[in-house]
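Once you've looked at the hints, dock chain G against the given chain C.
Number of protein chains: 2
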Amino acid sequence: MSFFPLKDSFGTTQLILNHADISPDLAILSNVPVESNVLIEGTVLLRPSSAKRPGATGEIDVLVDKFTVLNPADTLPFVPSNPHNLPNDDLRARYRYLDLRRSILSDNIKKRSQVAHTIRNLLHDQGFVEVETPVLLRSSPEGAREFLVPTRTSAAEGDGQSADEPLFYALQQSPQQPKQLLICSGGVDRYYQIAKCFRDEDGRKDRQPEFTQVDMEMAFVSWGENASGTPGSDAWRIGGTEIRDVVEKLIQTVWRNIEGIELPEHFKVMTYHEAMTRFGSDKPDTRFGLEIINLTDLLPRDTQVVSDPEQEILECIVVRKSSDSEFIRASRACESTASTEHISLKDGNTRSWLLQSNVARHVYPYLNEEDLSTVNTALKIKSGDDIWLAHRPRSPKGGSSALGRTRLSVFELAQARGEFTVTRDPHFLWITEFPLFTRDDADKEFLAHGRWSSSHHPFTAPVWQDVEVMYRGEVQSVRGQHYDLVLNGVEIGGGSVRVHDAHMQDYIFTSILQLNEQEKSPFHQLLHALRCGAPPHGGIALGFDRLMAMLCNTQSIRDVIAFPKTRMGADLLFKSPAAVSSEVLYQYGIQPRSSSS
Amino acid sequence: MSFFPLKDSFGTTQLILNHADISPDLAILSNVPVESNVLIEGTVLLRPSSAKRPGATGEIDVLVDKFTVLNPADTLPFVPSNPHNLPNDDLRARYRYLDLRRSILSDNIKKRSQVAHTIRNLLHDQGFVEVETPVLLRSSPEGAREFLVPTRTSAAEGDGQSADEPLFYALQQSPQQPKQLLICSGGVDRYYQIAKCFRDEDGRKDRQPEFTQVDMEMAFVSWGENASGTPGSDAWRIGGTEIRDVVEKLIQTVWRNIEGIELPEHFKVMTYHEAMTRFGSDKPDTRFGLEIINLTDLLPRDTQVVSDPEQEILECIVVRKSSDSEFIRASRACESTASTEHISLKDGNTRSWLLQSNVARHVYPYLNEEDLSTVNTALKIKSGDDIWLAHRPRSPKGGSSALGRTRLSVFELAQARGEFTVTRDPHFLWITEFPLFTRDDADKEFLAHGRWSSSHHPFTAPVWQDVEVMYRGEVQSVRGQHYDLVLNGVEIGGGSVRVHDAHMQDYIFTSILQLNEQEKSPFHQLLHALRCGAPPHGGIALGFDRLMAMLCNTQSIRDVIAFPKTRMGADLLFKSPAAVSSEVLYQYGIQPRSSSS
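Chains as they are written, first to last, in our numbering: chain C, 682 to 1278; chain G, 682 to 1278.
Here chain C stands alone, though its shape is the one from the complex (with noise of 0.2 Å):
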């Protein structure tokens, strides 16, 4: 007898063949080469139990009666179904219908397609109704990052274009506006789609210049009952409440139906405030401790010489020898970086290390032995212990916090020494009233010039409470009604209430942001839009490859794509982007630039 592996789709399949009854034609189904496509006929033969095998063909062989190579395999670049000896990256995508075939990225691929069919199902049932939103869109002054699109069509009828110009779309980077103005319409009161997005970027991180989002949007969203809360109670103070609920039964679907877990009925929620002050991230991972402690609540405020606003708080995380031995090795193995300080306690140094600390003594030159013990007894240091101290602004700002940046870099060196294991649990966690502008944006101040930028978008409507707030000027402390869904410490979604008052709007374009006519000029529609009467509204959009890479237990979201890019947005197996011949490019009106200019 001799057996050969069958692989199909389902798995793969045992083929025996009894040498001692076949015939000299079956017996060259050993010459057949590797990778081919067969058509076997035979009998099915159940395995002894003993012998079962897990996957769908796992319980079953089959004796061979008869062959046909419906498609035999050429020489290949490389085996797929050896997982001991693969390429390099760049050749298994270059033949990415090769690599394709190694089960690992197939499941993944058919794992996607029950996920995106599990949300469909879900929102249909919650009264969404699905909406394609044009891909081929205008080109906008703030499109930094966007594609367009010549086309050779003449020129846009009755908008005063001479014929002879290039015209151009751009390339949706996400249906905000099309999905606002659907449900300023009305006649749509719920609306999804699964939306191809696209963003002409280098490929910092693992971006993709075509990406996928679930994308929402309600009409009529409203607060919850907590809208009241206290700031630290787990409270959604905002509106949206209803974004809230279907996003939570969405993923809790997606998670039983998918993972077989059942989450909790509510996501925690925390603000913006809270996020940075205890874990120096507006998407803490909250699946291990090292929070940040406030030492400048701890001192008394006469001992402070504050020179700079941007060190006006002084922070630290202990790393505790007794409590949090997983950590410990990781922490002392951790390089101080420009803006942090890090301190081991030994013997010699427990009591007065704060004295000695440079950080510190910058902003707190005459500390007494009063203020130290005072210091000591509330973080119940002990020799042994590691202490990691730096300075942030009183109102946090941007994403992340020197300290937060080296709770994270503990957490990983601690997991890459395979000293602590991180639950499996998945930590959901809702990070809500983001500042609702920002003057510390690099990447907006390239449009800003100086002025104000929204956070998210200018669509954001600020929180009841700081109305007042915004129209004083005091747009440092406005807060948004903007809402991130974390899991794991990774940003897997983010949405906001809509501004619906077209005044509001306005001021906010002119008095805050202080566009000119011509930067306002994208967000007509969007401002006449509100002026017919739209009702409240709110939405969100999830990052469908990033949730599906989490759902895959991969760190790229190009295990998650059929047929993804480089990092640097090259396509290897279609070969692009490509050059273009300038015939080609004179019908489009265009021609590569001269390089003198």
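Take the hints with a grain of salt, since some may be wrong.
Any copy will do: because identical chains look the same in the list, a pair fits if it lies in one copy or spans two.
[To be verified] Below, in silico cross-link-like pairs of lysine to aspartate or glutamate (EDC-like), each with a Cα-Cα straight-line distance of 16 Å or less:
(1) K688 with D870
(2) K877 with E891
(3) K791 with D870
Just so you know, these hints were derived from the structure itself, not from any lab.
A quick note: this is a predicted structure, and the numbers were derived from the prediction, not measured.
Below, chain G alone, put in the same frame as chain C:
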């Protein structure tokens, strides 16, 4: 009492204000501008059963206790709730968010969502995996109608491009190659996607630059039981029966769930040859008669003098005063064209009309009495009948013949005159066995330069009986395993069994289409994938916009798209396409072409 209509996404509800006991605050509800967004609190009253209206809100009134204006409407460019005073298409397109308040449009959008949901569930249940394929693909020399997308990212890795040369993606015109490569991978046996596709062409007919396809591909497609059926026997004699079965199930389920109509288990099948000879169209409308009759078959061969192979067959349509009474007046009112002759039979010419026909005399100058008699007897003509005459080549070519177009003209005129009412039963029909290659497609001649072109695309397999014919070089005689799905004379989808033999595929590229190396380069990855043991496969794409337009009983696909573009590709709402500044274009390595070039 006074009454107000309140419209929401469920329908219109009647509000009742009881002036006897309402406060002055409430009375001012009548001052709220029309189309404002209002929150109503009150008591739901059941209407008397005699006063029930159709629709979701037709059984109730609401007695108003309190109202809150959530968002007042300003002066509107038009009032969508007044169907008798709608402005022109362009103004409504510009304010599409107002136009979508008309239920007739928002109902279409909701129906589209329902149909998509039905299709997805059916395909999911049939074991199809939904896979997203790249929208950003590579430009191809074939891409006469493709959109280019310049990118700012540096040159594709390792592709030998100069970094200064502008690089482009192209938007997918269909996911043809990605879906075939996916099936070639073997990881997925059944693929589907409701895919956005793009074509940069002028607005001939009812086309959009972005449109939606229900796209499918299946591995291991095969012949059915009727593979040896005879022509004209309503038999599917090609491969891909699994595609046929799934599409019929899908269409049946949509018509059952959405329209409440039970369709036959199998749709009729007709070869291209039969469709062209009986109906003069490759997408015949079989809801009415007026079939074409071949006169050459009735006449003795030796009476024919053929100088032009395009005129080998003489054919006619007889519109009978008796049995075609709905059409006879329309027929008499239709004018003949350059390629048709129109003869009205009167007492004087009922016997001799064929002798007097210019079209007939041209190739039959020597007819005798017996020939006339044979024809007249066979046609059973009578005085008062109308006859249309034309020539065609022996092997039908293209999508329609002169008499096929005449047949439709008479039908349309009879409908417009109110003399014929077409059945409401949908007539589904498969057309199969198209010629695989053509030299008569003006659109393709642009690239073919006198060479053969593929009638559909170069991946379609020949019917098995014609494989030898193809290798013998009798290109014009080769039929393809192609199938179109036709509904009421409109093509709503098409597909084929693909070539899976790399040698045959290369023969088609090289020996038949005579592509040079550069022209073949976009197909390299597919050719290689076939060489890696690809399974036999086939697929289809259904035009989702067109299908929806037919389900919504509208002439224009713009009525089933939330934010459509005009025929010229202009988006009057978002004002695209639009000019882009030279500074921005510079970043993409392009500039407007100089007027001198």
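Okay, the hints, checked on the actual structure:
1. K688 with D870: Classified as between; 12 Å across copies, 47 Å inside a copy.
2. K877 with E891: both (7 Å within a copy, 13 Å between copies)
3. K791 with D870: between (31 Å within a copy, 11 Å between copies)
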